[in-house]
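Chains as they are written, first to last, in this note's numbering: chain A, 1 to 322; chain B, 323 to 507; chain C, 508 to 1239.
Worth flagging that the hints you see were computed from the coordinates, not collected in a lab. A quick note: this is a predicted structure, and the numbers were derived from the prediction, not measured. Where is the CB? At the ideal position from N, CA and C, for every residue including glycine. Some hints could be false.
Said to hold, decoys possible - Chain B is faced by these chain C residues, among others (derived, beta-carbon under 7 Å):
1) 588
2) 595
3) 747
4) 752
5) 1134
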Amino acid sequence: MEITVTGVNQLVTPHLHVWDWRVSLYLFLGGLSAGLAVMTSVLHVRKGGALALGERASVSAVLWVPVILSVGMLFIFADLERKLNVFWLYLTVNPLSPMSWGSWGLLVFYPVSILYALATFPENRRHQLSLSILIWLSEKLSAFRLQLAAANFGMGIFIGIYTGVLLSSFVARPLWNSALLPVLFLTSALSAGAAFMIMIADQKRVKLFFTKVDIWLILAEMVMLPLFFYGQYTSSGAHRDSIMPFFTLSHDYFWYGSGLLLLVVIFPIAVVLKFLEIREEHGESLTSAELMKMNLSAVMVLIGGLIIRLSFVYAGQLSHLS
Amino acid sequence: MPKYAMVIDQRRCVACMACVVACKKENEVPPGQFRTRVLEMVEGEFPMLRMELRSELCNHCDNPPCVYNCPTGASYKSEDGPVLLKQNRCVGCKACVAACPYDARYINEDKGYADKCTFCAHRIKEGKQPACVATCIGKSRIFGDLEDPNSAVSMALRSNHHEVLLASAGTNPRVFYIKKFSKPE
Amino acid sequence: MKFSRRTFLQTSSAAGLGLAAYVALPEKFLLWAEDQGMLKPTFTPTFCEICFWKCGVMAKSLNGRVVKLEGNPSHPGARGKLCARGNGGTGLLYDPNRLKTPMISTGARGEGKYRTASWDEALDLVAAKLKKIRAQYGPESVALFTHGTPTDHFLPLLSAFGSPNVGMPSFAQCRGPRDVGLELTFGEGIGSPERLDMTQSKVVVLIGSHLGENMHNSQVQDFADAVALGAKFIVVDPRFSVAAGKAHSWLAIRPATDLALLLAWCNVIIKENLYDKAYLDSYASGFPELAAALADCTPQWAERETDIPADKIVETARMLGQNAPNVCIHPGRHATWYGDDVQRSRAIGILAALLGSWGREGGYFLATRSSFPKTDSKPFPEPGRPALNLGNFPFAGAEGVTQEIRRATITGAPYPVKAWIVSGTNLMKAMPNQKETVEAIKKLDLLVAIDVMPFDTVMMADVILPECSYLERHDALAVGKGRSLSVTLRQPVVPPLYESKPGWWIAKELANRLDLGEYFPWGTLEEKIMKQCELWGVNYQRLKQVGTVTIPDSAAPYITPLMPPEFKTTSGKIELYSIELKEKGFDPVPRYTRHPLPANGEFRLLYGRSPVHTFSRTTNNPELHELYPENEVWINADQARELGFQNGDYVTLLNQDGARSNRIMVKATQRIRKDCVYMVHGFGTASAGLKLAFRKGADDQGLITRYAVDPICGSTGMHVNFVRLEKEKADA
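Given these sequences and hints, build the entire structure.
Here is the structure:
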């Protein structure tokens, strides 16, 4: 078939390219902060707070959440073409637009995570908060720790899943148009959160706990990814074509194939490493070698999450219905 | 309330691009950007060849993914049919550009907001036809009110077999195509 | 940091108000502005000059800027619509590369070195040189090359000056042989716009027309209507054109053999008695001679020549015969192909006559017999020497044979030509064998170019006079003599930009300096137009509002008992056997000759049009350039594969005389025969002043070094060059 098209917009021809690494980075960082928020709630609530006792990360992780989120928001804000109009997002509620939910959700997530941070701030360090209003809040909110933990947990799940819902709602982009995508994104976000927690926790039992959590999450991802590709392969022709960049050995699709290959290598290795970490007999505290191995497997998980976001954002824009 | 729609009779199109230029002039579309395009497709092996000419534009869908994905309500479906954009509300997130299965939208390079065909809503208000329809040399583009049984679009749809693009996407487009792919008898 | 509740309330309410204002005010302002009339556009009727169809335009301007061009519903050539080029006319008006001031050359011809000059200096210089040449060589040694509406100003100037030597490329490089062939047959040409009654046709034949890609507004409208009404199209073209895409039968003819097909069709129609006997009895002469001459032109013979299966030839001939007289055979437009082009046009005319379609519904309608009274003007002086612009060709048209002027300029015989005035035509891209054009220009004492943009030929001139675009000037009233009699006004939409001036002003100023002011006895052209309207009974004020006035009841398109046709031939009848041609020693009935075919590895060079461009005129127009910035060379996909070329590769074309083209992109396609290549004409400009178009695409005219002159009318057949493709080299 010989096709000549006159009047094409570069933005959508030969394929869509409206979203780039900035969006991918936001998806990753947003997911990371969401997963981390969930993990902090788990940390504080588990065993009635016993897990968090004396754990440095019980304070730092909660503070990391809004920081990581802010960095991610910077990137997504940079992607907007008319940044001065951003306030319109908060004058509108569009119940059918996942992006609208997201913008409002992010608006709620911030105060929830900050209030949660204040609520879980240890009593003996409260004076470090300096501002009297913050100290006052910290005192008052500590009574509502459980409720705020639930809110924080809920917001984390929401932020972790809504980006997947957003992408999956585009019928025009068959690669994303899968019901499995939101679940995959959420799992990846939780896994990243757990991995990050592992890295910043200082107590062995906390690290090992989240290692166990992470193993389950990575195993879930390792089931979901092939299922996702299978689901696309057995769906319509456009869906089948949409996953071809990942499975085509060619110059044009080099990065997609390599990315998938890396994932196929990273996740099993990470799982095995983590499994070994659990099985091993550790001393009172972890040796630097063991710490390095733990950090390595955590970093691998984070890289895996980044690869997923980058390749899906770019490959999704290659896919089209017609 | 009128229900505006467009019918494109591909048999009449000669791929002259008059619509492409007229639209750009009428709507001050920046250089390098377009609200409508023309495809010239040829299949077969010499000398058994078949040609299809088709112009494409925003379909002003009844179930528009660009509208329900817009976080600021900038994209909206007007009562009489055209899908329009309140430019001052657009934040440039490009969700609508990504959501459109017809690649109908673009980001206006000069201004930053999302943009696309408006069925020349400003001309419809004055009782005129959209610019592309007015200038179409082949009279291939037909525009009118589906609610009026005697309008050009209603008559064209009644007397010809017609299709829409990407029907499986569930967008319920308002642009209909009368096409003949192989050589007419 | 402490800030009080008050400051908080103040700042937030200020911000809130500011926000509300930002949200609500722009719309309110726009509504107010609209009410005040600041946003009310004005519509000025005029007519287009991007090509030569002269479509009526309604130019929309806002605050002194032309924002859109729309078709004038009153104009028969536009019918309210404009093509892509007409819509893109503002691109010419606001093209930053336009000629802005008069310029005088400071270097060698073609070097491109100019200095700006005032109008007085430039016009004085031109007049002085013309006077000198007149004194030394005589007025006939000044020649004019022209095309389009500038002709209305510079041809009277030339005639007043005393020279008969005008050359319009539209004759010898385009329509000449077509009109001569039809004149010899029917006593008149087909007109421009061609008087084709396609919307009433049952069968339409396009042989030598790629209508659709060749965008001629109302004619393409008729074509689309005919398609929609179910007319069957027979398209004869070595390339699968847009028209072929809609055809019932596409005959992929071997190039250079069209005459064989036409003669075979006539042969079948005669043999099977499918011709309109009553019509021929009433109106035609020479049938027995015709039948005898065509006896051997069988479909089997034609198959060998044309590569079209004999049964296809018979099938299509029967289609024509069985649908007579509602058959329209498009006689082509650019007909200068192989040097026997008048005879090919004769064959088309004969075929049309056999089918009885001249003056009948669905065939060719007759021109209006109404006309406007002639305006009195001072008679021009008789030239002292005979014109050399017609050569020795017995049927050269009044528009002149351009290359005869060129030849005289080079050789100095029969007498020297020392000055060329060139307006509205790009000779380097219009005439074959650019080397000869350059050689001729070298011999001139004066080359003056009057144009809007710095085209190739303009950049060789001694003096460049910038004409303003058609949107900025008055021009002569355009009289339409198609179906009805009409008159169309061109008036300025905006005042001329920069220092550019209308053609009429330039001609008048030159006339004054040449003591020929009495031939331009009006202050402004508008005065002349107003007087003409008065004489013709046309309300000028109304014409300014509506643009086109059509005289009612002036149409008489078909032969009726009360309206018998007039054939201005020698015999007063349609001449199937041409007495005039016999008298002058030519074949009275067309006779086929086989033209040289390309050798192995060579391809015949064919060229054509793009619907968004008008030759080299528009390649720099930003609004059109972005749709088609460079041409491509169409080559059969299998051939390309054999030669090792792929779609998108860049190649240069090398012709049989060693001429090499600029780089051009390959379009490997199934849509063309294996023995020819095709490209859109007008690209590859060498003028650096055309910043967008400079060196984009290849110049087909540079490859047309060989041309076949038709001995009957002097036209130059230009489909006679063969090229090879070579992988891209550095520019020659």
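Hint by hint, here is what the structure shows:
no. : hint : result
1   : 588  : holds, 5 Å
2   : 595  : holds, 5 Å
3   : 747  : holds, 5 Å
4   : 752  : holds, 3 Å
5   : 1134 : holds, 6 Å
Checked against the numbered hints given earlier, this structure breaks none of them.
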